[in-house]
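One letter stands for each residue in the lines below.
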Amino acid sequence: MVTEPAPTIPEIALAGVGKRFRSGTLALEDISLSVERGEFVTFLGPSGCGKSTLLKLIAGLSPATSGQVQVNGMTPENAREMMSFIFQDATLLPWRTVEKNVGLGPELDHAARAVRQERVAKMLELVGLSNVARSYPRQLSGGMKMRVSIARALVSKPRILLMDEPFAALDEMTRDRLNEELLRLHDEQKWTVLFVTHSVAEAVFLSTRIVILAPHPGRVAHELDVHLAWPRNAETRESLAFEELVAHATHLLHGVLKS
Amino acid sequence: MSRRGVLVASSALVLACLLGLWQAIIWINHLPAYILPGPGAVVQVIIARYPSLLDSLWITTREAAGGLIASVAVGLCVAMVFSQWRWLRQTLYPYTILLQTVPIVAIAPLIILWIGGGIFAVTVVTFIICLAPIIANTTQGLISVDENLVQLFMMQKASPAQVLFKLRLPNALPNFFTGLRIAAGISVIGGITGELFAGSARVGEGGLGYAMIYANNQMETSYLFALVLAATVLGFSFFFLVMFLEWLALHNWHESSRPQLAE
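Protein chains in written order, with this note's numbering: chain X, 1 to 259; chain U, 1 to 263.
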């Protein structure tokens, strides 16, 4: 996926981006970054470094107060159709069944019922939830809810996935399994992913590149390419190269915290 | 015996004790029926006069239900408008509080002055006192939507109407039912107290409240008891009807609607 020839326009380009909240707090300062199509970029950093804020700027959910954000050469607002956002908690609509939750996007787009049902069924199969299509969210475990959330994001066939600490609330085993599933889907569908996490191991396992952010105000401290072999699986986590990268990234992160 | 059976049996026992105590007080103090009639006398008067009792009950039911339904229709619309414009909500919200605090005894004479007595006037009084809890609770539910869900709808390019009908309204359902439960309770009280002021002596227009005044003036205390019993039955019916509707709308997905029925 990284070996694809680089297009002339980067998928996502940030130039000197800053964000100052109305309260006066400077959340992000002078962030410049270029992401190519198909990359899996992880933002890693301590709380207060503005990782989530950065993701929302790229999604066009909140405007940058300085600099420029471009998604495929467009403003984030205009590029919204090619992006899907996955939130920290599953943010499902509790009054809708699993299949109605997954079908929300097409429904809001007024897609025909038959088309909708077909796409929803396909997505549920993809994330292994076909058997709970008629269940309500409160009947599902945390991991299953997150899968519904991912299916909902993928049903509109996005080019870019923005994921804001999606697995933070899950236990480690569930998180590891979902990480592997996510990479399998990424390999199939080739989206560009921007992923926010505060877990170093998760960042190393998933990413082609890790961006380490420093807090107060949030800014880019380090960029780290991750050259681990594909496909990545449970064995990857046991490899020496993986452990070395985790140790290195942890070291960089601690350096950021001390400064 | 099952747990349910024990519950029914103990409830029946409490009822029997209360009725026994009631009768005992009469026997011990030698009270005449116009001061305190016994349970037997009340049952007798119900059997003897049930056509007029049912007529009064039916009239009050119409007034209470009419006022309640109108307050739901108007209250939902007002709440939806409030949810769309923050400035409008903040400007007008104090007036809905005012609506809640103005006592019914102050409004009822004015209503009669403006539109005359009768069933319609009582319905209007009921409508006015039911409106505030519907507006206040529904508005609260419409505006307290998870920020992430709003952003999810923004990412899907949802129209304002879609956000209102597919996100805010379903989200407000539990709050709406809280308001409806309060309103259903006071609608019966509103109907009866409304009749105390605006009730009509015309044939077929005297509800429970009006009949209560009449029975009281005539010293027909047994019949007064029968009327109170009818009013209680009406209040219970409204309460259980609303509980049932709430269960119907929420039991699939909302936590709060389950334990209540289990208990």
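Keep in mind the hints are simulated off the structure, nothing from the lab.
The structure displayed is predicted, hence computed values, not measured ones.
Note that CB positions come from ideal geometry on N, CA and C, so glycine has one too.
A hint or two may mislead.
One side only, chain X facing chain U, incomplete, derived with CB under 8 Å [stated by the list, open to error]: (1) F21; (2) L61; (3) T65; (4) M83; (5) F85; (6) F87; (7) T91; (8) G105; (9) L126; (10) K157.
Straight-line distance between alpha carbons at most 25 Å, and here's what the computed DMTMM-like set of lysine to aspartate or glutamate pairs gives [said to hold, decoys possible]: (11) X/K157 x U/E147; (12) U/K157 x X/E223; (13) U/K157 x X/E107; (14) U/K157 x X/E77; (15) U/K157 x X/D89; (16) X/K100 x U/E255; (17) X/K157 x X/D109.
What follows is a set of in silico ranges between Cβ atoms, one per label pair, in the way DEER data are often shown [said to hold, decoys possible]: (18) U/L54 x X/E125: 57 to 65 Å; (19) U/W114 x X/G142: 22 to 30 Å; (20) U/A73 x X/E77: 58 to 66 Å; (21) X/A114 x U/E255: 30 to 38 Å; (22) U/F165 x X/S135: 18 to 26 Å; (23) X/I9 x U/T91: 58 to 66 Å; (24) X/T65 x U/V74: 18 to 26 Å; (25) U/W114 x X/Q139: 48 to 56 Å; (26) X/G142 x U/L229: 35 to 43 Å; (27) X/A114 x U/Y50: 54 to 62 Å; (28) U/W114 x X/R20: 50 to 58 Å.
Status of each hint after checking the structure:
1. F21: Given a least distance of 15 Å, the restraint on X/F21 is violated.
2. L61: Holds: closest Cβ of chain U sits about 5 Å from X/L61, inside 8 Å.
3. T65: At 18 Å from the nearest chain U Cβ, X/T65 fails the 8 Å test, so the hint is violated.
4. M83: X/M83 check passes; min Cβ-Cβ to chain U is 7 Å, inside 8 Å.
5. F85: Since the shortest Cβ distance to chain U is 5 Å, the answer is holds.
6. F87: At about 5 Å, which falls below the 8 Å cut-off, the nearest Cβ of chain U leaves the hint on X/F87 intact, so it holds.
7. T91: holds, 5 Å
8. G105: Given a least distance of 5 Å, the restraint on X/G105 holds.
9. L126: Given a least distance of 20 Å, the restraint on X/L126 is violated.
10. K157: Not OK, violated: X/K157 not within 8 Å of chain U, min 13 Å.
11. X/K157 x U/E147: holds, 24 Å
12. U/K157 x X/E223: violated, 33 Å
13. U/K157 x X/E107: holds, 11 Å
14. U/K157 x X/E77: holds, 10 Å
15. U/K157 x X/D89: Within the cut-off at roughly 21 Å; holds.
16. X/K100 x U/E255: Answer holds: X/K100 to U/E255 is near 19 Å, not above 25 Å.
17. X/K157 x X/D109: holds, 13 Å
18. U/L54 x X/E125: 57 to 65 Å: Given range 57 to 65 Å: holds, Cβ gap about 60 Å.
19. U/W114 x X/G142: 22 to 30 Å: violated, 59 Å
20. U/A73 x X/E77: 58 to 66 Å: For U/A73 and X/E77 the Cβ distance comes to about 38 Å; the hint is violated.
21. X/A114 x U/E255: 30 to 38 Å: Holds, since X/A114 and U/E255 (Cβ atoms, about 34 Å apart) stay within the stated range.
22. U/F165 x X/S135: 18 to 26 Å: holds, 24 Å
23. X/I9 x U/T91: 58 to 66 Å: Because 48 Å falls outside the window, the suggested range is violated.
24. X/T65 x U/V74: 18 to 26 Å: violated, 43 Å
25. U/W114 x X/Q139: 48 to 56 Å: holds, 54 Å
26. X/G142 x U/L229: 35 to 43 Å: violated, 52 Å
27. X/A114 x U/Y50: 54 to 62 Å: At 58 Å between Cβs, range holds.
28. U/W114 x X/R20: 50 to 58 Å: holds, 57 Å
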